[in-house]
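Colleague: Now for the letters of each chain:
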Amino acid sequence: MPLETDGPAESVSYLEAIAAGLASEMEADPDVFLIGEDVGQFGGAFKVTKGFLDRFGPRRVIDSPIAESGFTGLACGAALMGLRPVVEFQFADFISCAFDQIINNCSKQHYRTGNPIPLTLRAPFGARLRAGPTHSQSVEAYFAHIPGLKIVAPATPADAAGLLISAIRDNNPVLYLESKYLYRRIEVPGPLSLDPVPIGSAKVVREGTKVSLLTYSVGVHQGLEAAAELDQEGISVEVVDLRTLVPLDVATITASVNKTSRAVILHEDARRLGYGAEIAATVAEECFWQLDGPVVRIAGKNTPIPTSPALEDAAVPQLPEIISTLRRVATT
Amino acid sequence: MVERDLAIRMFEVMALMRAVEDRMVTMYRQGELLGSLYTGHWHEAIAVGTASALRPTDVLAPLHRDLGAHLWRGLEPWQVMASFMGKATSPTGGRDGTLHYGRLDLNIINPVSHIPNNYPIATGAAFALRYRGTDGVAMAYCGDGASSRGDFHEALNLAAVQSLPCVFIVENNQYAYSTPLTLTTAATDFASKAVAYGMPGTQVDGIDVFAVHEVAAAAVARARAGDGPSLIEAVTMRMHGHAEHDPADYVPAELHETWAKRDPVEECAARLTELGYLDADGVAEVREKARATALEHRGKALGMPMPEPDDEEGRVYAS
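Residue numbers (my numbering), protein chains in the order written: chain A, 1 to 332; chain B, 1001 to 1319.
Rather than coming from a laboratory, the hints here were simulated on the basis of the structure.
Keep in mind that the hints are not guaranteed to be accurate.
[To be verified] Ranges between beta-carbon positions, derived for each pair:
no.	chain 1	residue 1	chain 2	residue 2	range
1	B	L1034	A	R59	43 to 49 Å
2	B	P1305	A	T307	57 to 63 Å
3	A	R130	B	D1105	49 to 55 Å
4	A	P198	B	P1056	55 to 61 Å
5	B	D1135	A	Q41	27 to 33 Å
6	B	G1198	A	K47	40 to 46 Å
Beta carbons are placed, not taken as given, at the ideal position from N, Cα and C, and that holds for glycine.
Use the sequences and the hints to build the structure in full.
Modeller: So, in structure tokens, the structure goes:
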């Protein structure tokens, strides 16, 4: 299926890929509808759903009042009745207002009652946009703890489209973490395939031999840049894009770490009990006897994300730290 | 006034709700139930008066005082008892239990305890019913206490602005656990809160099942016609504790005594007699049948197997 975008035909941005994935599922399945703040006539705060109201009409594109718990509950109830709602949180930060609905009504539903909740929760997340402590958060660790919820975090346009399509088709609530930093920073040549990308499948995006970098979202791009630099020094880095956080693709992680015998984990979320803690524990349990050194985490500081550029840059992982850490781990 | 057959059916379900809950109080005291027991004494008219205003294809999002609404739809008493025992054959197979029962195959949404988070869920059910082109209605229940939570406001506002086919019932039973109405809200007339959402609000005597039915039917008709949601405040008293472990000694004796004179099941029976729908023997027969049914279902529930752990993680996700 050809991709319809507003950008140049020869390239597709991460944001355009999300829009294309969403539009293709709305075309394919009349039970898919969209609800969120400003998603209709305004096209979304980040313009992901620009043109959707005209294309799909007000029956399927719902501008909600500011009521995250209310519209998440509405979506859960509609999903219980067999529809496939896609909820847009304007910023992932606002998802805290819907915590109860997500945890108790959406995620526990199938275990409690056997009824599926085919629901996609789109949440633009992450830092580096000078948006400060309540508009820059990474929320994956809160939700990874909740049985019944799946979590995906694509890094590329192809995965952004393909994982969104899979999330919408999935019969479970799926938290879809889209990087608002990558929206217009990542472009690939078009046309983009709109094949679904399976949930629960990590991908080795660069093969290497000395150290495995296990990461997702923005970290994948930083990791690839670091790996290219270290390659100049003869240090071969394998970059694994987790793509899905829940359920975690343990087989791909262990295959990589068992090969390289060293593991570095990279994410932007705060270090303490960030998702890297789960990955590190998994690597320790599964790969201990193959490891040549301790598992190392590169992560955000245990602070809120500050607003001012110098402060924010110091709070989240930057390329020099990633390169030096990988070099140290690979060579000791 | 509703016609004879419907009126008798309403009385039968109210009597059954009372009999089942009275039996379960005994079962609780005898140690046959898990946790505590939540009953709806003096809520029978609300549960039955509202549920009887709906079609089987309409969606109910009730709470733990509304056993009569479940029974109206066809949930069997033993299934509720099995839920309070954690049995394998309870509506959740023992994964959830006690007051969290409900069957989606009967178009009843199984609640959790975070009431009124069932209110937004009901707006979603209403949304889906309309989305599919039906004229179905969703009805949600909460108490005076739960109206303090944000989901109450968010759901009413969403339903109104989207003109959803919803009916919201507030069961004003004077207490939120131990907290009296005066500490819950400074605006104790719940029906008037509807004004803030741009929807009609009606207060009704929650003891009078036929009065409840009448206002519920009007609200349902309005929703079904596409004219949007309504709020109904049904006034009653929570005659038992929050649950059976709670002696409710914080309730002033005179308040309890005043309400004790207004038993909704008795009042319904009296009304049926007055209308000539049932004579005294007929009333006694209904009550005896309800008592016998409750006892029979106790035996059935007790005989049900307990669940065995079986691929519990595999049940977390739908395939």
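Colleague: With reference to the structure, classify each hint as holding or not holding.
Modeller: Outcome of the hint check:
1. B:L1034 <-> A:R59: 43 to 49 Å: holds (45 Å)
2. B:P1305 <-> A:T307: 57 to 63 Å: Since B:P1305 and A:T307 have Cβ atoms about 59 Å apart, the given range 57 to 63 Å holds.
3. A:R130 <-> B:D1105: 49 to 55 Å: holds (52 Å)
4. A:P198 <-> B:P1056: 55 to 61 Å: violated (39 Å)
5. B:D1135 <-> A:Q41: 27 to 33 Å: holds (28 Å)
6. B:G1198 <-> A:K47: 40 to 46 Å: violated (31 Å)
Violated hints, in rising order: 4, 6; the structure is consistent with all others.
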